[in-house]
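Student: This is what each chain is made of:
Number of protein chains: 2
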Amino acid sequence: MHQLQAAGRAVRAMAEWAKQLAGIKGVMLDISGVLYDSGGEGGGVPIPGSIEAVEKIKASGLKLRFCTNETQATRGKFVAKLQRLGFNILVNEVTAPAPAACRILKERNLRPHLLVHDDLVPEFDQLDKANPNCVVIGDAADNFSYKNLNEAFRVLIGLENPILISLGRGRYYKETDGLKLDVGVYMKALEYACDVQAEVVGKPAKMFFQSALAEMEVEPQQAIMIGDDIVNDVGGAQQCGMRALQVRTGKYRSTCVSGLGYLSLSG
Amino acid sequence: MHQLQAAGRAVRAMAEWAKQLAGIKGVMLDISGVLYDSGGEGGGVPIPGSIEAVEKIKASGLKLRFCTNETQATRGKFVAKLQRLGFNILVNEVTAPAPAACRILKERNLRPHLLVHDDLVPEFDQLDKANPNCVVIGDAADNFSYKNLNEAFRVLIGLENPILISLGRGRYYKETDGLKLDVGVYMKALEYACDVQAEVVGKPAKMFFQSALAEMEVEPQQAIMIGDDIVNDVGGAQQCGMRALQVRTGKYRSTCVSGLGYLSLSG
Chain A
1 MHQLQAAGRA VRAMAEWAKQ LAGIKGVMLD ISGVLYDSGG EGGGVPIPGS
51 IEAVEKIKAS GLKLRFCTNE TQATRGKFVA KLQRLGFNIL VNEVTAPAPA
101 ACRILKERNL RPHLLVHDDL VPEFDQLDKA NPNCVVIGDA ADNFSYKNLN
151 EAFRVLIGLE NPILISLGRG RYYKETDGLK LDVGVYMKAL EYACDVQAEV
201 VGKPAKMFFQ SALAEMEVEP QQAIMIGDDI VNDVGGAQQC GMRALQVRTG
251 KYRSTCVSGL GYLSLSG
Chain B
1 MHQLQAAGRA VRAMAEWAKQ LAGIKGVMLD ISGVLYDSGG EGGGVPIPGS
51 IEAVEKIKAS GLKLRFCTNE TQATRGKFVA KLQRLGFNIL VNEVTAPAPA
101 ACRILKERNL RPHLLVHDDL VPEFDQLDKA NPNCVVIGDA ADNFSYKNLN
151 EAFRVLIGLE NPILISLGRG RYYKETDGLK LDVGVYMKAL EYACDVQAEV
201 VGKPAKMFFQ SALAEMEVEP QQAIMIGDDI VNDVGGAQQC GMRALQVRTG
251 KYRSTCVSGL GYLSLSG
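For the record, the sequence lines run as chains A and B.
All residue numbers for the first sequence refer to the working numbering, where the first residue is 1 and numbers rise by one.
All residue numbers for the second sequence refer to the working numbering, where the first residue is 1 and numbers rise by one.
No wet-lab data here; the hints were simulated from the structure.
Heads up, some of the hints might be wrong.
Claimed, not checked - Below, simulated BS3-like cross-link-like pairs (lysine-lysine); rule was C-alpha separation at most 27 Å, straight line:
#1 B:LYS147 with A:LYS147
#2 B:LYS147 with A:LYS180
#3 B:LYS77 with B:LYS174
#4 A:LYS147 with B:LYS81
#5 B:LYS129 with A:LYS180
#6 A:LYS147 with B:LYS180
#7 B:LYS81 with B:LYS180
#8 B:LYS180 with A:LYS129
#9 B:LYS180 with A:LYS180
#10 B:LYS147 with A:LYS174
To be verified - Footprint (simulated), chain A over chain B, 3 or more residues, beta carbon under 8 Å:
#11 141 to 152
#12 177 to 186
Yeah, the Cβ is synthetic: ideal placement off N, Cα and C, and Gly gets one too.
Go ahead and model the full structure; you've got the sequences and the hints to work with.
Tutor: Put into structure tokens, the structure is as follows:
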């Protein structure tokens with residue numbers, strides 16, 4: 001509990017701190033592992049202090065955007081859960097991979113075979129999925145059975161030009177009962193099986209952060225990303241010329257990084 | 001059926017051909033995809049001509065060793081199945097990854113967490129598996145559930161020095177009802193999740209071919225490997241200074257290789 005309380009203090013402090021960072025006009029917040037830990041009966045628990053931190057950022061006049069790689073539910077369902085947990089958050093404040101993937105699929109006339117969580121399927125309702133010519137993979141959790149992965153593999157290996165679109169490249173995340181394998185692990189599995197390279201939609205893809213910046217109407221040097229993932233959050237934001245903070249909640253493990261302070265500021 | 005008949009002729013021709021190859025004293029035969037296609041009710045079907053090819057090689061006076069990455073059953077159970085299908089094969093003629101892995105585990109005092117097919121578990125009966133300090137992964141097929149892969153991941157990520165031992169690095173193999181993902185795909189998944197490199201036991205590991213050569217008591221330049229996998233069979237054998245033949249049965253796909261004849265001879 002000590003770590004959580006400390007984290008809560010840290011998140012509260014961030015709201016103040018971000019205001020003081022010269023030239024910062026917009027804040028991007030990761031959700032899982034930063035605002036709450038997912039899993040368990042209610043779908044997750046807020047990290048102490050984070051509900052207040054969101055309120056303070058909003059009250060401070062800073063622009064705020066929630067940037068998540070969450071693909072276990074539609075944005076609507078995900079936001080409703082966060083609202084129930086007490087967060088001041090709206091659907092149109094959230095940037096997430098599935099809607100971005102849908103835009104790409106439509107633009108390129110792609111018909112996806114989906115390997116995603118059941119609750120994400122409605123995001124793809126408007127798309128033709130017959131006779132698929134690509135595979136879209138998300139954080140499917142228990143849907144990552146041998147049978148389902150094999151099915152996706154057979155679709156890919158049967159295509160003359162195999163296209164694999166992955167909603168993120170995360171290794172793992174933290175739920176209330178421990179670490180869980182994320183979509184990136186299964187992306188790597190299919191990449192190896194079919195000798196292809198996936199196209200990643202979501203963090204740390206540059207296009208994902210650029211969309212979020214455009215939605216906030218701020219320049220990269222005016223924005224700061226706050227997350228618990230050194231690659232997806234910190235690395236992705238830096239690549240776009242943004243500043244980034246890593247919090248020590250969520251999946252943070254002391255062996256992952258060295259030489260970082262309690263909060264790491266970079267960029 | 002045309003392809004199978006042609007393959008049968010090819011396998012029969014090989015027995016004659018191998019005898020004519022100057023200096024060849026020993027033949028290593030892959031099993032799945034070369035002698036039979038696995039899967040279906042009886043556990044598989046012989047590839048036409050392959051039963052006779054084994055007889056002919058044995059009658060020719062050439063030494064013969066069956067070299068398989070099969071890890072869906074103990075050697076005893078696997079050989080019994082092949083005997084039922086009509087093959088002249090004995091347990092002590094087979095080189096397979098699981099017994100090799102057991103030797104390594106004992107030598108290094110490793111206690112494995114097993115992610116393998118149920119039918120392979122008895123191979124590890126003699127080993128201490130309490131409080132595991134490594135993970136051993138085999139072709140677990142339907143046992144590759146999200147839950148089981150996550151469990152193996154948690155064991156690995158919790159170790160100060162994570163050791164992952166993989167019984168092969170194959171991408172996929174062919175069963176009677178189509179292509180199936182092999183152990184290498186899940187090895188890659190765990191490698192990425194934990195940022196480790198697996199130690200591969202089985203083909204194409206040099207040590208695996210060296211054991212088989214020692215068991216046959218022939219020198220590398222006196223031996224030829226016959227298989228359907230360009231990496232595991234052909235590449236692995238060549239690395240040891242052996243010659244190798246690729247047959248066009250099993251997982252062979254025309255897009256995998258180019259410029260090879262009906263049988264490819266290399267080394």
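Student: Look at each hint and say if it fits the structure.
Tutor: Evaluated hints:
A hinted pair counts as satisfied when its Cα atoms are at most 27 Å apart, and B:LYS147 with A:LYS147 qualifies at roughly 14 Å. A distance of roughly 9 Å separates the Cα atoms of B:LYS147 and A:LYS180; the hinted pair therefore holds under the 27 Å criterion. A C-alpha spacing of about 20 Å is found between B:LYS77 and B:LYS174, which places the hinted pair at or below 27 Å, so the restraint holds. Restraint check: the Cα-Cα separation between A:LYS147 and B:LYS81 comes to about 24 Å, which is no more than 27 Å; the hinted pair holds.
For the proposed pair B:LYS129 and A:LYS180, the alpha carbon gap of about 23 Å is at most 27 Å, so the pair holds. The hinted pair formed by A:LYS147 and B:LYS180 meets the criterion: a straight-line CA distance of about 9 Å does not exceed 27 Å. Of the pairs offered as hints, the one joining B:LYS81 and B:LYS180 holds, with about 20 Å between alpha carbons and a cut-off of 27 Å not exceeded. Proximity of B:LYS180 to A:LYS129 is assessed by CA-CA distance (about 23 Å); at most 27 Å being required, the pair is judged to hold.
Taking the CA atoms of B:LYS180 and A:LYS180, the gap is about 25 Å. The hint holds against a cut of 27 Å. Taking the CA atoms of B:LYS147 and A:LYS174, the gap is near 15 Å; set against the 27 Å cutoff, the hint holds. For a cut-off of 8 Å, the count of residues in the segment 141 to 152 of chain B with a CB near a CB of chain A stands at 9, and the three-residue condition holds. Here's how the segment 177 to 186 of chain B fares: 7 of its residues keep a CB closer than 8 Å to some CB of chain A, so the rule of at least three is met and the hint holds.
Comparing the model with each earlier hint shows no violations; every hint is respected.
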